[in-house]
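Q: Using the sequences and the hints, build the whole thing.
Each protein sequence line maps, in turn, to chains X and H. Mapping the first sequence onto full-length UniProt numbering, position 189 (from 1) lands on 189, and the numbers just tick up by one. Mapping the second sequence onto full-length UniProt numbering, position 253 (from 1) lands on 253, and the numbers just tick up by one.
Treat the hints as calculated values from the structure; they're not laboratory data. Nothing here was measured: the structure is a model prediction, and the numbers come from that model. Take these hints with a grain of salt, some might be off.
[As the list claims (entries may be wrong)] Computed footprint of chain H on chain X; a stretch qualifies when at least three of its residues, placed anywhere within it, have a C-beta under 8 Å from a C-beta of chain H:
hint, region
1, 41 to 55
2, 252 to 261
3, 264 to 274
4, 552 to 563
For every residue, glycine included, the Cβ atom is placed at its ideal position computed from N, Cα and C.
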Amino acid sequence: MSTATHCPYCALQCAMHVEAGPGGAPAARPAPFPTNRGGLCRKGWTSAELLNSPERIVRPLLRTDRSGGFAATDWDTALEHVAGRLKGLSAEHGADAVAVFGSGGLTNEKSYLLGKFARLALGTSRIDYNGRFCMSSAAAAGGRAFGLDRGLPFPLPDVASAEVVLLAGANPAETMPPMMGHLSGPRLIVVDPRHSATAEQALAGGGLHLAPRPGTDPALALGLLHAARAQHLLDEDYIAARTTGFDQAWKHAAAFWPEQTEQVTGVPAQRVREAARLLATARGAYVLTGRGSEQHAKGTDTVSAWINLALALGLPGREGSGYGCITGQGNGQGGREHGQKADQLPGYRRIDDPAARAHVAEVWGVDPDELPGPGPSAFELLDALGTASGARAMLVLGSNPAVSAPDAGRVRNRLSALDLLVVCDFVMSETAAMADVVLPVAQWAEERGTMTNLEGRVLRRRAVLAPPPGVRTDLEVIAGLAVRLGQPAERFPTDADAVLAELGRASAGGGADYAGVSPERLEAGEELFWPVADAGASTPRMFLDGFAHPDGLARFAPVGHRPAAEEPDAEFPLIATTGRLMGHYQSGAQTRRIGELAGAEPEAYVEVHPDTGVRSGVAEGDWARVVSRRGAALARVRLRADARPDTVFLPFHFGGEEAANNVTNPALDPVSRMPEFKVSAIRLERADPPQEAAAPRAGAGQRGPARPAG
Amino acid sequence: MPARRTPRRGRHRHAMVQHTARRIVVIGNGMVGARFAEEVARRDPAGERVGVTVVGAEDEAAYNRVLLPGVLAGRYAPDDIRLPAPAESAAVAVRTGTAATAIDPARRRVTLDDGTGLDYDELVLATGARAAFPPIPGLAAADGAPEPGVTALRDLADCRRLSALARPGGPVVVLGGGVLGLEAARALAERGMRVSLVESSPWIMRRQIDRPAAQILAEQYSRLGVAVHSWRVAARWLPGTGLELDDGRVLPGDALVVTAGVKANTEIAAGAGIDVEHGIVVDDTLATADPRVHAVGDCAQHPGGGAGLVQPGWEQAAVLADRLTGTRPEARYTGARPVTRLKAEGIELTSMGEAEADDTAETVTIADAHGGRYAKLSVRQERIVGAVLLGFADPASAIARMYDDGAPVPADRLALLTGRPAPETGETGAGPATDPLVCRCNAVTRGGLETAWLDGARTRPDIAAATRATTGCGGCTRDVDALLAGWNGASPVAAP
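A: Laid out in structure tokens, this is it:
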């Protein structure tokens, strides 16, 4: 047994072989591929461990009283129960009484079928997904600038030949290490309030680290544009020939001369000029943005400000330079294209566009009027659960909002207020633990499907082994419920290839066109970058001949700077910012159950400048309570002399009392509806260790720093 | 004119707005007046709470006065420094080329120079300041108009006049060694002029920096082609010749740029009986003695200071917008903690607070005349009370932020300037690294690699298979190769 597939975690989707390891248990090892170049991070190396985890849920779990425990049951009973409750609530309160919460971790096929299930089987408008917390700001900004959004509109290996790469709010050295192989040649300009591992590499390679105060990124981007223009470094011919709207955009940048930029961001004026010069005079330059740019109440404008800079320097739509968003979740790209977003139908179509509705309705064999309209965005959907205006039941796939949603305490209260919570998962995540019904589903290596990585490259995920007895795939769960809700069985195929073929038809002619994607082409090793309009097509590089707006021109967005939704004050004098660690992924529901990873980072911590530690009365190794207006998170103190004295950092992979999102601010971006995860006003207090710490943690300490036997 | 303020038209559509929106008139379309309008539009984009009319005497859109030296240096075209037009908002109307001539506080009405008037519920004075010419013979005619060859540097018209007067390679004299004078001198030197700068105080930037810093700064300027004459009084301007000093020397000049201070534009306020001293007197609510009349920016005189710099003016604009839109009625402007940043190509100078703090402050000083660097940091009760930083670009921004926030300074103050904090005890990883990490991505130490080598892994692929080292970001590949070469070389015995 040795099967080539891709890693279950982030959007880099490293190629790997899964095969029998010592003792027969499945093990992963890296495989050569253009993106990961034979590399794998420790998450990938250990990813197979969860397949055989004793914590696996292998039977449907049901309870009729949330104060009691779950009882194992059979699938028929579980699905009948769920379908019956959904039908009842829907009949009594209307179709919108049922909500669906999806994920950027689901395959394209699941994302597609889940959207179809919500619109047809449930008839609800209330479907959204955790990608709203990740990539929606860049998607909105990219769409408005270029007419169409694909994370990287060029293959990742292109960046290796650039002279300079600017990374804004991205820390790939920590979050997707194998990507750094493409960044060892270019000089890096890293924009991050933290002295991150990527910033370290930038400095080591003769690049720059610009550390703006959290929440001031737009001012820095405007300042770089200003500094480039004041040094006569803009690409005027490109601006004239390929863009519109520069003059209005410039008026905002005009207010951010380097010294003013310094005043707002804290980045020295000299560094602003230097960075602008470095980027603008490079032979081949890329501007890449990550969550640090996006997760703000002004994330869309922030990304637009970075895109404006790239446009003014003539980077996008040319071979050898460009702008891109580094997508985060495994299928963050595909997950936002196929209809699990509140405002979308498959193929990146808008649900309020009559032509889009007609096309998709025809593929689905229904009347367009049967399709619901746009629904509320993720946080708004969650925040209304169990209220008079919100849903009373929710079905969750591939997500753990009890940990990953902003102001998580409030979201947990809303989840508790539901009449029915159904969670499909393979381990008892914090959200599953709150559910009425938990449906055990197959994992990545146990089923087939396609994923679309950060470059818009469609990848084949292959089944390596059969799921444990009693476990079903998400597609089977969706189909099982759909039939019980009165849908014809043929409308909800359970074979991934059949779903892919239908997805191809539904997306045909849309922005993200998968019509020409087929299992045969993927198995033959073809590199398929969407749009893939027919059997011969693939689009590795987009926009070379023109942008996707009707006139072919890119749009500058007239964006300025505005303060964060919440600024520090006397009561909450510090800023907390959140992010990822190398050893964990998302809410940690998977990685906290892998011995080696949990052993290395078993608990939440908070990075604090030593002076700030002294003033807050916390020392290295103490437990601290990080308190915001919304709630508190417990974390162990790590003093770091290179931290900003005004800012603390919290990784968001831990649950319960240690959940960073207990403190985060659900202020939403007006366009993307993404919450402000990156800026919360907080104070630090010394605290007792968390109650839960007394209990043994999943996997922690069971194994030392593991080394896969060869 | 906005339809909502013409009662005969749009009555139906705007009826709600008309009856409930408070009318705010702003006199002055400069950096602070325009910013106030923008701040209002952000808080009340639909104009539901307030409707703002900005009147500006200049017959052009608002622009960024701070960047005028950059226009002079050729970094910007005049149109490059326009401010965003707030008129796009339903809340704001702008009338350029219209000067306010009088205020009637009793009737709450402003008279305009086109014969019309505007009624207000709240009036905002943002009239700014104008150049003050020292009483030196030959500078200005009896009516105040500059004599031939003489110009201020307050607006785009001044910029155009100066560009016409000065020719590359020719001599120019700048009168006044404050921030604007130094920025103008640097910009003119960039354009290839031969510049002399005259300052009557004992040293340049007398208000912002101390003497040793000024000396180093003057040397920097000399190197850039600007001759600095401090503590010299100008005697008279000789058109076509230059500026004669009181010691009889004549500094040659095709043009004379007067940057010797400003005078707040307070006449319209004084004419309405509003309390005026150096500027229009306001309290923390930015109101004058008439609670419906407010003043912001260079024309305002607040006990906490701030006039003459744009940042305090912008802060005032934000506070007043909070108050007048009802967004934050409790908002107060409690004074500026201004940070001065000299905008001169090739020179990084930041100053704040007391340049010459007395003995009650703890002061750290670094003077490096040879390197053109100088730093002085004064602290009382763990708070920065003053700093002068020349050539310390990186720490300057952090120090300015601490000063602005009133944040406590670190125990190691020298480190704050040099950027090298003393090692903290008890810090993570501070202990002696007995077994250093080689592959960060996969947490493989040197010891781990050695064990794998001893177990027979002799090549990088073997090492990678055994330990995972080099398979993450790949950054440790060179280190692993070097270790392998060393071990393999030391023990040439072939692997079993």
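Q: If you look at each residue in the region 252 to 261 of chain X, do at least three have a Cβ nearer than 8 Å to any Cβ of chain H?
A: holds (count 7)
Q: At a Cβ distance under 8 Å, does chain H reach at least three residues of the region 264 to 274 of chain X?
A: Check passed, 6 qualifying residues.
Q: Confirm or reject the coverage of the region 552 to 563 of chain X by chain H under the rule of 3 or more residues with a beta carbon closer than 8 Å to the chain's beta carbons.
A: Satisfied; 3 residues make the cut.
Q: Would you check chain H against the region 41 to 55 of chain X, counting CB to CB pairs closer than 8 Å, and say if three or more residues qualify?
A: That given contact holds, which follows from 3 residues of the region 41 to 55 of chain X lying within Cβ reach (below 8 Å) of chain H.
The structure fails none of the hints (numbered hints given earlier).
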